[in-house]
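Q: Given the sequences, and given the hints that come with them, work out the whole structure.
From first to last, the protein sequence lines are chains A and B.
Counting from 1, position 351 in the first sequence corresponds to residue 499 in my numbering; the numbering is continuous, with no gaps.
Counting from 1, position 61 in the second sequence corresponds to residue 274 in my numbering; the numbering is continuous, with no gaps.
There could be a bad hint or two in this list.
Straight-line alpha carbon distances no greater than 25 Å define the calculated DSS-like cross-link-like pairs of lysine-lysine that follow [claimed, not checked]:
#1 A:K183 x A:K225
#2 A:K270 x B:K219
#3 B:K219 x B:K236
#4 A:K270 x B:K218
#5 A:K421 x A:K449
#6 A:K408 x A:K449
Note that these hints are calculated values from the structure, not bench results.
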Amino acid sequence: MANLKDTCAVAGIGETRFGVFPGSTNASLNIQACKLAIEDAGLTKDDVDGLLSQKPYFEPTFLWSTLLGNRMGLSLKYTADLDVGGATPVAMVQHAVMAIQAGLCSVVVCTFGEAMRSQGRKPGWNFMTRTREYEEPFGLLMPTHAYAMACRRHMYEYGTTSEQLGAVAITCRKHASMNNNAQQRMPITMKEYLASRMFADPFRLLDICQVTDGGAAVVVTSSERARHLKHAPVYISGMGNGHTGIGVGWFPSMTTTAAKESAGMAFEMAGVKPEDIDVAELYDCFTYTVLVTLEDYGFCKKGEGGPFVEEGHIELGARIPVNTHGGLLSQGHIDGMNHITEAVKQLRGDGGLAQVTDAEIAAVSGNGGDLSTHTTLVLRR
Amino acid sequence: MPEYKKPLPILDSDSVLFWEACKRHELLIQQCEECGSYRYPPRPICPNCFSLKARWNTSSGRGEVYTFTVARVPLTPEWAPDVPYVVGVIQLDEGIRIVSNVVGCKPEDITIGMPVDVTFDDVTDTITLPRFKPARENSQ
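A: Shown next as structure tokens:
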């Protein structure tokens, strides 16, 4: 895989507004994001010959990427829906690189959009029925319950505390406060974190990500072509995957995840070490996900994620700024496609108030299911 | 019995023997006939040696709490009477884990490592769920 290093780049990014938009549709959020990304790259729809998407979680759809491409009037040589849960946006970029380098197509748009907040869970449609067939009868109904159990196990094995989880929530909110496209921008204190409603022990409401209406997309093309487009290319230097399985209760470990293999693969391909990385956009469905990913990526030792975040090492200006956009916890749940667009902004120097000084190398993580799937990108300018 | 509105197990050819045994208040777990590995949830193949041959053994029903959460907010209205309820991962003495509930004690009294025994809850005329309660003192 090393021969794919830096062969492709992200040439364009697009984000709709993130928040609560009751009138929006899943299609319209994807389409808006795609249009913004294509225009950001300085391309037109006629330049696009690849489209990758992820089906909405809460709407039954068939041939979703084909439908979106058709609605936009794209002439596609390559299209597919991918599903590795929240690891999908990063996986889409990886598949785009592979498809371009295989010669199947030359410009791929990767998109995710969903009116998850306004048109989410409805009676009669449960996409988890088969996945959770040995969990739902016992009331394990959502990722919150599963991650809470994994987090408690981490607390038991390593002494992780609620205050340490709180440090992740507070940091994400602090970063979101600098972002005018974040769903939650009001800074929070540790007192407020600890007072927030206990939802599924040890998770309080503020350990859980936002549910958001919004869409985001990126344009991937060859590095050669990207060099002649509107923005300086953001090169795709490393790609990694790790896949544990279904059902956190049955994993060999709940405290060392597939993130470890995934980051190992991506860092090796890119030729980087954790200390070389200037900014990390880490999938943060819950505070615990950030903490365990920091450990598995090697930003700190196993079991030391709690003290690491408590000491402030993930804040802007600190050792490894994490989720400079506010993450899923505060900017919004765009399934992690917003982690990719934020990393690109940082490497372009377009990070605004949350810009990491001289950011050259970024790591992006994707994480799906209940710590089931993991994907990693290393991006550089 | 009042109408039961919460999710029920899917009974199909992969799972039916397990759920029928629960109905008889017996916890059955699959064991590979080739390599001897236990497995749960039920499935047609051994994830260790890829053999399709398996037997069903009666589990001791004893184990310990590996981890747990206390669900305090009902996802849908039918769970409202249950909150707070405990979802736990139980490590059975046979070495495999099962996702279930810890019942028969206060959530605040549950700890990781706490010994538990299976208990059967007949939730409908046809479905029985295996849950776990604190083990009696001096149990073998």
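Q: Evaluate each hint against the coordinates.
A: Here's how the hints hold up against the structure:
1. At most 25 Å may separate the alpha-carbon atoms for a hinted pair to count; K183 (chain A) and K225 (chain A) meet this at roughly 19 Å.
2. With a C-alpha separation of about 15 Å, the suggested pairing of K270 (chain A) with K219 (chain B) holds against the 25 Å cut-off.
3. Restraint check: the Cα-Cα separation between K219 (chain B) and K236 (chain B) comes to about 18 Å, which is no more than 25 Å; the hinted pair holds.
4. For the proposed pair K270 (chain A) and K218 (chain B), the alpha carbon gap of about 15 Å is at most 25 Å, so the pair holds.
5. The suggested pairing of K421 (chain A) with K449 (chain A) holds, with an alpha-carbon distance near 14 Å, which does not exceed 25 Å.
6. Proximity of K408 (chain A) to K449 (chain A) is assessed by CA-CA distance (about 12 Å); at most 25 Å being required, the pair is judged to hold.
The structure fails none of the hints (numbered hints given earlier).
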